[in-house]
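A.B. asks: Fit chain B to the given chain A structure using the hints.
First to last, the sequence lines map onto chains A and B. One point on numbering: in numbering that gives the first Met the number 0, the residue at position 236 of the first sequence is 235, and numbering is uninterrupted. One point on numbering: in numbering that gives the first Met the number 0, the residue at position 278 of the second sequence is 277, and numbering is uninterrupted.
One or more of the hints may lead you astray.
Unchecked claim - In silico DSSO-like pairs for lysine-lysine, Cα to Cα no more than 30 angstroms straight-line:
(1) K242/A / K250/B
(2) K328/A / K299/B
(3) K306/A / K306/B
(4) K34/A / K350/B
(5) K69/B / K326/A
(6) K328/B / K318/A
(7) K326/A / K300/B
(8) K250/A / K292/A
(9) K306/A / K318/B
(10) K34/B / K350/A
(11) K337/A / K65/B
(12) K65/A / K328/B
(13) K306/A / K299/B
(14) K318/B / K69/A
(15) K350/A / K350/B
(16) K337/B / K328/A
(17) K300/A / K326/B
(18) K282/A / K292/A
(19) K328/B / K299/A
(20) K326/B / K350/A
(21) K69/A / K350/B
(22) K326/B / K326/A
(23) K84/A / K318/B
(24) K350/A / K328/B
(25) K258/B / K299/B
(26) K318/B / K299/A
(27) K342/A / K69/B
(28) K326/B / K328/A
(29) K337/B / K318/A
Said to hold, decoys possible - Sample of chain A residues lacking proximity to chain B, with all beta carbon distances greater than 10 angstroms (derived):
(30) E146
(31) S158
(32) N274
(33) E293
In short, the hints are calculated from the structure, not lab data. Source: prediction; values computed, not measured. The beta-carbon is built from N, C-alpha and C at its ideal position, and this holds for glycine as well.
Protein chains: 2
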Amino acid sequence: MIDNSNSALHEKDGIPQPETTNKNSAKKIKLNRRKHPTVNEFVTGILNGNITFLSRAITLVESTNKNHQKKANEILEQCLPYANKSVRIGITGVPGVGKSTFIETFGKHLTGLGKKVAVLAVDPSSSVNKGSILGDKTRMEQLVTDENAFIRPSPSGTSLGGVAQKTRESIILCEAAGFDTIIIETVGVGQSETAVHSMVDFFLLLKLFGAGDELQGIKRGIIEMADAIVINKADGDNIKNAKIAKVAFTKALHLYPPKENGWQPKVLTASALNNLGIEKIQKMIWEYINLSKENDFFNKKRNQQNKHWLYATIEQELKSRFYDDSKTKNLLPLEISKLENGKTTPFNAAKRLLDLQ
Amino acid sequence: MIDNSNSALHEKDGIPQPETTNKNSAKKIKLNRRKHPTVNEFVTGILNGNITFLSRAITLVESTNKNHQKKANEILEQCLPYANKSVRIGITGVPGVGKSTFIETFGKHLTGLGKKVAVLAVDPSSSVNKGSILGDKTRMEQLVTDENAFIRPSPSGTSLGGVAQKTRESIILCEAAGFDTIIIETVGVGQSETAVHSMVDFFLLLKLFGAGDELQGIKRGIIEMADAIVINKADGDNIKNAKIAKVAFTKALHLYPPKENGWQPKVLTASALNNLGIEKIQKMIWEYINLSKENDFFNKKRNQQNKHWLYATIEQELKSRFYDDSKTKNLLPLEISKLENGKTTPFNAAKRLLDLQ
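Just chain A, with the same shape it has in the complex (with noise of 0.2 angstroms):
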């Protein structure tokens, strides 16, 4: 099913209702009841895995309201505990290599064995208004009839930092609710891509063979961080094609040291148009996963991640409050134009700006 109910919460003026104790109106208790959950109800219905309740904390989640986010909070937290079970898995990939064709495919073999899938996305170019990579349903046709997948668009918003932390968060309602998959979609806009695999236990590279010169305008990093690299669109006449390409890719992954974990990556052929190469793509995501508990590296690496996510929302936030303040607007371009007239240095021009606080 295909969730774009970003505005389920229909308050204008932000704030909630309280839970009304008028002992006169109890189809009015009834209908405020449905309108605006408690937490404990929010947090009951999602650990029932009632969609309606889940999209609706995501929704929260999503909110810039400080009364939603305090409420997100607390469910959040009453969540956690039932968190934390799925298997999170990272896509990318440039527009046209077949993402969302892909996520279809592969989300179908995996609700074929009895999987449940949370299909969530990280574009930070994304709005609402719009529409979002995974906005547009017909490219997911059979995904959003499933029962057992759940879509839900990227959030929108400006930066990075508060998409991915949207996100995330969105991750534990959607493993609270039952889903043992989680698939994170990203366009690898900016520094999307990093995020993005700083907040899952795998990640694949969508790819396309060319012309031979496959890794020419590669974005630099991202063979770095791929687990895998999937070469899409391997069918009839391209099939030589995409087998040369994976040499190429293969050798590539090769210059790298192998993985933390003692993964060495690997270079895959597929085509999601035909279903061709996804079990074995499954296959090799678990057996990572498999491999991963054996060795603890898998809650090692979540660990690492969670605090990871700590500190560069810490960082983010005090990097913030500095440029955003008025002080700072006001000095810096000063600042600015004298280092680019050479009459001061970077350390001097900023000891000045951090002298105003």
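C.D. replies: Same frame as chain A, now just chain B:
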């Protein structure tokens, strides 16, 4: 010449004596003036190329004493108009690759061309007492006695940010003193290569050939930073293997897009010990510099680097202030523990820590 005078200022209390106005003791005035030159005397001395003043000014830059730092900042700002005119070259490579011998031979070649060469270092692990990578004079026997060379060991310090700042400020002083070529050596501990890359015009990676696995185990990100790779110790029986390594590195470099200024990183071989290939390397670097100056990339990059250091300094200081705060220090371990036990999310933990401020 080598400069190991990190402790040229001997004030035990750390406070330089004010210039005395005692009319009764001309001798004392002279002595004190020698011991504690004024800012103007420092600047005049440096601009005249006086190495004693240069060394002592660098010692002020490296001092942790606030009065010294204030004086150093005044000297730096007065020297700035005369700085910025050199070619700055970063050199990195693992221990054993022959960095010292390479810098010795390369430096001698440069002074032979009439250039004035300053060699600085960034080694966050060094300390004055333990001796730094450039501290061992015997490793650059010829360069240390060269009148047109100035060698200064890495400033001491445990934080890379601090060491890097001091080195960057020392570059300004060396340039003002007439050094037209600045070589920054780094041993490549932690992020020190990234720091050096952000303060030089040209970044050179020294490598050895291996048993066909040259690229295995190479530090992530280094190849992307390199403007050139030089395979050292290419002499005698080694020449064949060095050529094989050259092919492997050339292929690896081609995996990345060309640099912003259109430069395609080069791979060369050299034997610093036998003075082979050194002239070619020098010509390549100046070819790069000329190209960069023609298309104005040179100034653009230095401007970017200045801004990078401005922002990096600010952000480093914001973090220090936050994490050194006693309230943070008390709460952080508790929040980390909660996080590790699945009792909170990274974002809620961050919020509670930030709310302390």
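A.B. asks: All hints are to be evaluated individually against the structure, with a verdict given for each.
C.D. replies: Hints and how they fare:
For the proposed pair K242/A and K250/B, the alpha carbon gap of about 20 angstroms is at most 30 angstroms, so the pair holds. Of the supplied pair hints, the one linking K328/A and K299/B holds, its CA atoms being roughly 24 angstroms apart against a limit of 30 angstroms. Distance check on the hinted pair: K306/A and K306/B sit about 29 angstroms apart at the alpha-carbon level, within 30 angstroms; holds. Taken as a hint, the K34/A and K350/B pair is honoured in the structure, with Cα atoms around 28 angstroms apart against an allowance of 30 angstroms.
Pair hint K69/B plus K326/A holds up; C-alpha atoms about 23 angstroms apart against a cutoff of 30 angstroms. As the CA atoms of K328/B and K318/A are separated by approximately 19 angstroms, the hinted pair is consistent with the 30 angstroms bound. For the hint linking K326/A to K300/B, the alpha-carbon distance of about 28 angstroms falls within 30 angstroms, and the restraint holds. At roughly 28 angstroms between alpha-carbon atoms, K250/A and K292/A fall within 30 angstroms of each other, so this suggested pair holds.
For a cut-off of 30 angstroms, the pair hint linking K306/A to K318/B stands: about 15 angstroms separates their Cα positions. With a C-alpha separation of about 28 angstroms, the suggested pair K34/B and K350/A falls inside the 30 angstroms cut-off, and the hint holds. For the hint pairing K337/A with K65/B, the CA-to-CA distance comes to about 23 angstroms; that is within 30 angstroms, so the pair holds. Distance check on the hinted pair: K65/A and K328/B sit about 27 angstroms apart at the alpha-carbon level, within 30 angstroms; holds.
At most 30 angstroms may separate the alpha-carbon atoms for a hinted pair to count; K306/A and K299/B exceed this at roughly 36 angstroms. Restraint check: the Cα-Cα separation between K318/B and K69/A comes to about 26 angstroms, which is no more than 30 angstroms; the hinted pair holds. For the suggested pair K350/A and K350/B, the alpha carbons sit about 27 angstroms apart, so the restraint of at most 30 angstroms is met. Under the criterion of a C-alpha separation no larger than 30 angstroms, the hint pairing K337/B with K328/A is inconsistent with the structure, at around 37 angstroms.
About 28 angstroms separates the Cα atoms of K300/A and K326/B, which keeps this hinted pair within 30 angstroms; it holds. Proposed proximity of K282/A and K292/A is supported: the alpha carbons are some 15 angstroms apart, at most 30 angstroms. For a cut-off of 30 angstroms, the pair hint linking K328/B to K299/A stands: about 24 angstroms separates their Cα positions. Our distance criterion of 30 angstroms between C-alpha atoms is met by K326/B and K350/A, whose separation comes to about 24 angstroms.
Annotation: proposed proximity of K69/A to K350/B holds, straight-line Cα distance about 11 angstroms (limit 30 angstroms). At most 30 angstroms may separate the alpha-carbon atoms for a hinted pair to count; K326/B and K326/A meet this at roughly 25 angstroms. Restraint check for K84/A and K318/B: not satisfied, since their Cα atoms lie roughly 33 angstroms apart, outside the 30 angstroms limit. Taking the CA atoms of K350/A and K328/B, the gap is near 24 angstroms; set against the 30 angstroms cutoff, the hint holds.
At most 30 angstroms may separate the alpha-carbon atoms for a hinted pair to count; K258/B and K299/B meet this at roughly 14 angstroms. Simply put, K318/B and K299/A have alpha-carbon atoms about 25 angstroms apart, close enough for the 30 angstroms limit, and the pair holds. Annotation: proposed proximity of K342/A to K69/B holds, straight-line Cα distance about 16 angstroms (limit 30 angstroms). Between K326/B and K328/A the alpha-carbon distance is near 28 angstroms, which keeps this suggested pair within the 30 angstroms criterion.
Distance check on the hinted pair: K337/B and K318/A sit about 25 angstroms apart at the alpha-carbon level, within 30 angstroms; holds. Look at E146/A: its CB is around 28 angstroms from the nearest CB on chain B, clear of 10 angstroms, so calling it non-interface holds up. Look at S158/A: its CB is around 14 angstroms from the nearest CB on chain B, clear of 10 angstroms, so calling it non-interface holds up. The beta carbon of N274/A sits about 32 angstroms from the closest Cβ of chain B, which is more than 10 angstroms, so the claim that it is off the interface holds.
The beta carbon of E293/A is kept farther than 10 angstroms from every beta carbon of chain B, the shortest such distance being approximately 21 angstroms.
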